[in-house]
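**Q** Based on the hints, put chains B, C and D in the right spot on chain A.
Chain by chain, the residues:
4 protein chains.
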Amino acid sequence: MIIILKKNASKLDADTILDEIERTGLKPLFLPGVERIVIGAIGDERLLNEKHFESFPQVDQVKAVLSPFKLVSREFHPETTIVKIGDVALGGKQFVTIAGPCAVENTLQMAKSAAAVKLAGAHILRGGAFKPRTSPYSFQGLGISGLKILSAISREHKMPSVTEVVEVADIDAVEEYADAFQVGARNMQNFALLKELGQRRKPVILKRGFAAKVEDLLLAAEYIVSEGNSNVILCERGIRTFETCTRNTLDLNAVPYLKSITHLPVLVDPSHGTGVRELVAPMAFASAACGADGVIIEVHHDPKMALSDGKQSLPPDQFVKMMMELKKFVEAANRTM
Amino acid sequence: MIIILKKNASKLDADTILDEIERTGLKPLFLPGVERIVIGAIGDERLLNEKHFESFPQVDQVKAVLSPFKLVSREFHPETTIVKIGDVALGGKQFVTIAGPCAVENTLQMAKSAAAVKLAGAHILRGGAFKPRTSPYSFQGLGISGLKILSAISREHKMPSVTEVVEVADIDAVEEYADAFQVGARNMQNFALLKELGQRRKPVILKRGFAAKVEDLLLAAEYIVSEGNSNVILCERGIRTFETCTRNTLDLNAVPYLKSITHLPVLVDPSHGTGVRELVAPMAFASAACGADGVIIEVHHDPKMALSDGKQSLPPDQFVKMMMELKKFVEAANRTM
Amino acid sequence: MIIILKKNASKLDADTILDEIERTGLKPLFLPGVERIVIGAIGDERLLNEKHFESFPQVDQVKAVLSPFKLVSREFHPETTIVKIGDVALGGKQFVTIAGPCAVENTLQMAKSAAAVKLAGAHILRGGAFKPRTSPYSFQGLGISGLKILSAISREHKMPSVTEVVEVADIDAVEEYADAFQVGARNMQNFALLKELGQRRKPVILKRGFAAKVEDLLLAAEYIVSEGNSNVILCERGIRTFETCTRNTLDLNAVPYLKSITHLPVLVDPSHGTGVRELVAPMAFASAACGADGVIIEVHHDPKMALSDGKQSLPPDQFVKMMMELKKFVEAANRTM
Amino acid sequence: MIIILKKNASKLDADTILDEIERTGLKPLFLPGVERIVIGAIGDERLLNEKHFESFPQVDQVKAVLSPFKLVSREFHPETTIVKIGDVALGGKQFVTIAGPCAVENTLQMAKSAAAVKLAGAHILRGGAFKPRTSPYSFQGLGISGLKILSAISREHKMPSVTEVVEVADIDAVEEYADAFQVGARNMQNFALLKELGQRRKPVILKRGFAAKVEDLLLAAEYIVSEGNSNVILCERGIRTFETCTRNTLDLNAVPYLKSITHLPVLVDPSHGTGVRELVAPMAFASAACGADGVIIEVHHDPKMALSDGKQSLPPDQFVKMMMELKKFVEAANRTM
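Chains as they are written, first to last, in our numbering: chain A, 237 to 573; chain B, 237 to 573; chain C, 237 to 573; chain D, 237 to 573.
Just to be clear, a hint being listed does not mean it is correct.
As the list makes no split between identical chains, a pair holds if one copy fits it or if it spans any two.
Claimed, not checked - For lysine to aspartate or glutamate, the following EDC-like pairs were computed, each having C-alpha atoms within a straight-line distance of at most 16 Å: (1) Lys-438 <-> Glu-411; (2) Lys-287 <-> Asp-538; (3) Lys-431 <-> Asp-406; (4) Lys-243 <-> Glu-311; (5) Lys-306 <-> Glu-271; (6) Lys-348 <-> Asp-553; (7) Lys-242 <-> Glu-514.
No lab work stands behind these hints, which were simulated from the structure alone.
The following block holds chain A by itself, in its conformation from the complex:
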């Protein structure tokens, strides 16, 4: 840890901090500069977080040398983690496609959508039963009955399923009916939810909040892993910026960056990441090209009738076409589909 004091700080101010560092068992360093005093601490600086040096009146800046997360970092755990949803492995050689409608609406819709995505080569079925919606007047999902439909269709088509969980009270039900939990962007920092999911064994797809830094995403994952569940899959789904021609700004930079600093698998959701049907396929290709381990795509057998996110859902024919082209990019990336 590096602590830069304010210009008018004295040797005495420095001594207070140096003493605290020493008391914690780290080695303090006094570095008087020409214009500023700098203090260093050698050792496991995470022990110093409790000291809150940034609150000291004569401290200007505190700079961590180490990253604030540990269990999810590749420094700590160099080998890539492979997480299985049902029998599908994420993070390995295979580029995985998760597809299905935004929301489970009824059995027929799920059956048709599942048949379509299975035929096109998707590996895992998605569909939301609990829908977090910006407006209280929008369709809020079918709840448990939606989970049951998803589960039945998933078994019928032999595709593992993933669905969003939005509150602690629903975790048991989701665990019973689905093969993986999804934590949506709005809940990325719902720490009660994360902690409870850390107590379970089923995998968690953790979507990046739309105002979350990559570091925040990794700290959210650390919540789950530090509770004992290491089956975490990260998902980039776009961040909020000033640009309005797309619903979000898909931050693909985050994909190779995440792959370099964490051992967890990384997916991309180009449906939410663009919000525009025509942009989903090109951004799925780009995701494969920059090193993602898979994509999540919204597919609806009839987007015009979708109760949510119809604007960004692909109809079956466009999804088939996308999958065929995607294969070329996946192979260019030395992976399989």
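**A** Below, chains B, C and D alone, put in the same frame as chain A:
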């Protein structure tokens, strides 16, 4: 509702939509332009949300004429709402100051901090028992025992109390011990929490998410009000932008804008909105000047020892000084303290 | 054009606007809704921009039906434009690589860097002689003597050259020595520069400003094209967001979106778009995958010694490796290198 | 300067850097940590910028201890600078109001607007002759004839004038006719313009770019001051964020922050900072409350007829009302009007 079709849309494409509008009971309007067809719908357009015209393949843009929220809007409810926390009225003539430490740490700390803020003229005591923290390794709050400390000190100093609630399971406990719920920025779109708070009668201070548009904040408030609890107080606390010299960018524009479109009281939290102790006082003054109904200020009897947010907490002497100066700006705004 | 009046607007307020529309020669439409009056105008709405209806006191919102740009739009000019820099065509079948150092530092550096990028298969040589730098104390470029070095090396290696122009006074010199102008992100709305470049015939690579919406970029291009120079190439290079793990957030969504609404070629600059050497190659692959017409890459024969942007420059061996892998993604996109 | 090496860096990697630091005349420090090597440099670290340690392959992060600007910093120059525009002093006891229309449209409009703002108590007259406009089809300003009108009206009403300069070629003309230069947000990093203005003696109002960090603004000011012109006034005018209910997000945090780290005067432009007429007055009050040295307000004698920015311009009656209320906040801030 205004629906703009794509350039190559035909009369037939328009007819499909015109029929749907008519079937919903609204009056459809066909407006063929020189380069594009535009369609209008006259009547309560909220009925059309279920139609999801934005998903139709030949639709380019859908533009709502009405705001998506209703109960919280001033159009719908012109008189300003006054919400009482204990015996303190927010939204009226009085400019209200809520103050206290970020987290309840122990009885002594709360007692000292409460005495200090009471003496300086604060009206309501704050202190967090459940702390949502970005890192799992940070101090997470004392939980129920923190609530008890807050409650005891609050009664002793005759100041109503407000504290954050982060999950549905804690609502009962918070309701028992505190005079108002606070929903933090990270939970602004935790809809399960909002719906449950809508079932209660105690007031809710709803903080703006750091990536939430003003419209999102109002829709979150609509969740609470539409469930039956109209005691909602909004709070601007800074949004996330590219600027890094402050922790957040305090969006004071939102204050007079909110006051014009909603009847709910509006507070400002300059402690989180700046993240820098020296900026708290000037931004509190600015909040009073631009029409806020009050401020929430982090005060700690010894910020250097604070377990969270020490960097932005005011020590008692600075808080006293701030309150004395604040009075002048509050009076300039024709209000009282 | 759709004009939505405020709630309390009267028929008289509407009449004022309806009259103005009629006077301009467009067909006015009066659409009284249940809660609001809406006014429409049928015809070439660009004629109405001079009316500034948004300034009228009873107007709430003005919504354009048509895009504000014209000459650069694909609606207006459906065929894709191919722009040639020297003998290299951009916007066609070939995926073009522009490479070279950030700044021209001296003859030896340019010679070594040019030889390296030529050998690896780059088509066009880049190198800055006029450097816009955030700090006045940073290296500002060699100016005219830098242009001369670039020109000599470019001819020697038979690669056309592109270099940035930062002010009107330098346009003649750049035109004399280079094969294309580059307008940097900071100058994207330097309208005097754009207008003057519109008077020239050499192609212009126009980089997106880091706070520019896609629409702003297209309007900036419209400045150049409307003055007579239609040889404009757009370049996405990252926008400024709250994320700090990369220098900018590369907005690849913008690539397929731009390709759909404009006929101009679109490049990507993953060097500035990431600011991190290790991310340049994966984002170049992603650029090819999502439909870009080429990339601009910073390559320095010895990045450690670079006078600017060394952190994001590739050394020759990494550039060679990137080009070999890039070929696979370019071919997956049905293009050639 | 603090240099943090990558995890796998060796003592040899460190030695290369330590040697470079020593060669520059600074004192190198070798700080081997438990997980990472850290290197320090004691002395004037600005000398090390030329070394570009961030480009070294084994370097993870470089952290400056000192700010990158010098002449504009309060550390370097503790006394507040007072800049005079005509006979009006900015940065002192008086809170200064600059007012007038967005653009000079004709003599009558300027005469009416000037009379109105003078009567209401404004100190300096504004009006644009050269208008940087996002679209080439918008009104571009009257140019030199606009300057002449501004100058004549300014003399007639005995108010000094300020007007925007957008390119080097116009500097002489603006210097002849106006009392201060204004550099607009889009040109904040037009370094050629800044350098040339640094050669002149008339004051420069430098507006913050809408994607510029506070540090970028100060570095832009450093360009002007380092060329010899220390008469620089900074102006916050809103930054670009995801919020769309206002044209920009006015970053008032920047005002007290700037006042603490620079000795230059700081203004606020609430007209551009909000883009909404009704928000201009409350944000002007907030500006005074948080420590600004003055405001720039767009006033038009008939906003409905304004050729630009009518939506955010105040009509005379509203400006008079604003000035009367503003006085109370200015006095609360212990200043005069």
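**Q** Identify every previously stated hint that the structure contradicts and give their numbers, smallest first.
**A** Failing hints: none at all.
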